[in-house]
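Here is how the chains run, residue by residue.
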Amino acid sequence: MNPLKAYPTLLRVGFSAALAYRAELVIWMLTTTMPLVSLSIWTAVAREAPVGRYGPGEFVGYFLAALVVRQVTGSWLVWEMNQEIRQGTLSQRLLKPIHPLWIYSAENLAALPLRAALCLPVVVVAVIYADLTRSGLLLAIFFASLVGAWLINFFTMAIIGSLAFFLESSTSVFQLWLITFMLLSGYVVPLELFPGWVRGVAEALPFRYTLGYPVEVVIGLMDTKTALRGLAVQYAYAAAAATTAILVFRAGVRRFGAFGG
Amino acid sequence: MEAAVAVRALTKVYRVHERPAGLAAALRSVFRRTYKEVRAVEDLSFTIEPGERVGFLGPNGAGKTTTLKILSGLLHPTSGEVKVSGHVPRQREASFLRAITLVMGQKQQLLWDLPPAETFDLNRAIYSVPDRTFAETLRELETLLDIGALAKKPTRQLSLGERMKCELAAALLHRPGILFLDEPTIGLDVSMQLVVRDFIRKYNEKHGATILLTSHYMDDVASLCPRVIVIDRGKLRYDGDLATLVKTIRPDKRIVLVFPAPPDRAALERVGTVVELEGTRAVLRVPQSEVREAVGHLVASADASDLTIEDPPLEEVMRDLFARPAEEPSEATK
Chain A
1 MNPLKAYPTL LRVGFSAALA YRAELVIWML TTTMPLVSLS IWTAVAREAP
51 VGRYGPGEFV GYFLAALVVR QVTGSWLVWE MNQEIRQGTL SQRLLKPIHP
101 LWIYSAENLA ALPLRAALCL PVVVVAVIYA DLTRSGLLLA IFFASLVGAW
151 LINFFTMAII GSLAFFLESS TSVFQLWLIT FMLLSGYVVP LELFPGWVRG
201 VAEALPFRYT LGYPVEVVIG LMDTKTALRG LAVQYAYAAA AATTAILVFR
251 AGVRRFGAFG G
Chain B
1 MEAAVAVRAL TKVYRVHERP AGLAAALRSV FRRTYKEVRA VEDLSFTIEP
51 GERVGFLGPN GAGKTTTLKI LSGLLHPTSG EVKVSGHVPR QREASFLRAI
101 TLVMGQKQQL LWDLPPAETF DLNRAIYSVP DRTFAETLRE LETLLDIGAL
151 AKKPTRQLSL GERMKCELAA ALLHRPGILF LDEPTIGLDV SMQLVVRDFI
201 RKYNEKHGAT ILLTSHYMDD VASLCPRVIV IDRGKLRYDG DLATLVKTIR
251 PDKRIVLVFP APPDRAALER VGTVVELEGT RAVLRVPQSE VREAVGHLVA
301 SADASDLTIE DPPLEEVMRD LFARPAEEPS EATK
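Heads up: the protein sequence lines correspond to chains A and B, in order.
Every letter in the first sequence is one number past the one before it in this note's numbering, and letter 53, counting from 1, is 53.
Every letter in the second sequence is one number past the one before it in this note's numbering, and letter 33, counting from 1, is 33.
Because the hints were derived from the structure by calculation, they are not lab data.
Heads up, a few of these hints could be off.
As a list, the in silico EDC-like pairs of lysine to aspartate or glutamate whose alpha-carbon atoms are at most 20 angstroms apart [claimed, not checked]:
| hint | chain 1 | residue 1 | chain 2 | residue 2 |
| --- | --- | --- | --- | --- |
| 1 | B | 107 | A | 131 |
| 2 | B | 202 | B | 121 |
| 3 | A | 5 | B | 2 |
| 4 | B | 152 | B | 121 |
| 5 | B | 83 | B | 2 |
| 6 | A | 5 | B | 140 |
| 7 | B | 206 | B | 136 |
| 8 | B | 36 | A | 107 |
| 9 | A | 5 | A | 107 |
| 10 | B | 107 | A | 48 |
| 11 | A | 5 | B | 131 |
What you are looking at is a predicted structure, and each value in this text was computed from that prediction instead of being measured.
Based on the sequences and whatever the hints tell you, model everything.
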């Protein structure tokens, strides 16, 4: 049973499902427009005087890029897993000869083209008004970092979702993760503006690699060498998240088998 | 030939969190949880040969669904041995998952907002069914189940019966040799029950598939399964052919009479026990050994316009079986 052979069909059917839920998707996207709020606040502040390396133009570029990166790399798997584990409907996935994480990943990825299409106006505005990098290599690193950010997000959501095997519900853990993400990923404030040691901690944690890092690459705040080093760290985090997700899911399924679903 | 399903000394014990109602109990349970053990299945053994159609009966909470979930690899046994098609289900090998299907009347696999055709295609890819085999199987299933245009309507717009027909098709596209059917006719009207029942029989006859079926509708079991396995509180109560079970538990027959005018109850009671008398229709219960004599008497003395002899309804047989103490042998157990 080769999951990669089945993958194109999984993506196609997932895309049809995303189209069926298009209204829900648009509403969901509207709830993730926080960077626009940050944009208006920070550009107002920067009009008085630049904040660090950020003038109004940099802030526009940063937060428009943050909006797009969040949209095309986000994962909402935790809600689905939490519900399926609690209600026992996960059984249907466990009866299939392909690992459920393959199927979840295809469903998740299949919705991205629609999200990307809805982001298109923001991309156009960013390209026209913001100062994005013109380096081909940095752009290539940026696109690779989008994949890395999606991998970290997807597998982190799989880990938190799998906690529903062990806890009454994993959504409270997700809320905790979300707050930490907002503070430490650069979603609300660029990490560069954090005071010394907080910045050091935030830059070492994986949250930055799901948002702040790709954004910093695309708006040209990084040289190629630093960007490449960041990419290596990002993919290491992605590999760690994937390994942990597979192990936690496996342990969870064993528990599901012992206690029933 | 290797058995399709072999279960030996299967036991499944759940640890269930318990707390009484009320705020105080809720707060107490935050700090100190109490658990109790529920023995869902206990020392259960049976074997099913390839191609058999077996009814799996028992009251609610008897352990039927737990057993089916263990057989399909979703639950792990606490102890005992289980083999299905030569595989240990809990290992959930891909070749095992390809060999079986589990249809649960109350849980669906069809994608809710998409037409069933999309689920069919998804399963084709997931089970790596070659295109030609897929087309043939789909054509066959669509004909047997009379699916027609249903496959192209969004699942949420289908009736319960239409959905179950598509569920069955989706579950069988990979041509599994072993079917675990958990209440496949639940909630369906009588005509749709007949369609599903007829389909299961035809599928079994055509492909030699092994079928283990649970159903609350005794007619499903009576018409489909020559053999039944009965469990109660997780323990085996009976394993054998249905006719013997009926004869053992209820050694009587029902004589159904229709009269041109309402009959005299006292006259009927002289022949047997009147279990039903409504207008011109009467049902008598008579010991098996006295049926011939009773019928002779009725033909000679009463002016019935119609007379039929039936077995007692399976529901009554089950009720009587479960009313007996568990230790009492119900004979015929294999």
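Cross-check of the supplied hints:
Taking the CA atoms of residue 107 of chain B and residue 131 of chain A, the gap is about 53 angstroms. The hint is violated against a cut of 20 angstroms. Taken as a hint, the residue 202 of chain B and residue 121 of chain B pair is broken in the structure, with Cα atoms around 24 angstroms apart against an allowance of 20 angstroms. Between residue 5 of chain A and residue 2 of chain B the CA atoms are separated by roughly 32 angstroms; this puts the pair beyond 20 angstroms, and the hint is violated. Our distance criterion of 20 angstroms between C-alpha atoms is met by residue 152 of chain B and residue 121 of chain B, whose separation comes to about 12 angstroms.
About 10 angstroms separates the Cα atoms of residue 83 of chain B and residue 2 of chain B, which keeps this hinted pair within 20 angstroms; it holds. Using a Cα cut-off of 20 angstroms, the hinted pair residue 5 of chain A and residue 140 of chain B is violated, with the two alpha carbons roughly 25 angstroms apart. Using a Cα cut-off of 20 angstroms, the hinted pair residue 206 of chain B and residue 136 of chain B holds, with the two alpha carbons roughly 14 angstroms apart. A distance of roughly 39 angstroms separates the Cα atoms of residue 36 of chain B and residue 107 of chain A; the hinted pair therefore is violated under the 20 angstroms criterion.
Taking the CA atoms of residue 5 of chain A and residue 107 of chain A, the gap is near 15 angstroms; set against the 20 angstroms cutoff, the hint holds. In summary, the hint linking residue 107 of chain B to residue 48 of chain A is not supported, as the alpha carbons are separated by about 61 angstroms, beyond the 20 angstroms threshold. Simply put, residue 5 of chain A and residue 131 of chain B have alpha-carbon atoms about 13 angstroms apart, close enough for the 20 angstroms limit, and the pair holds.
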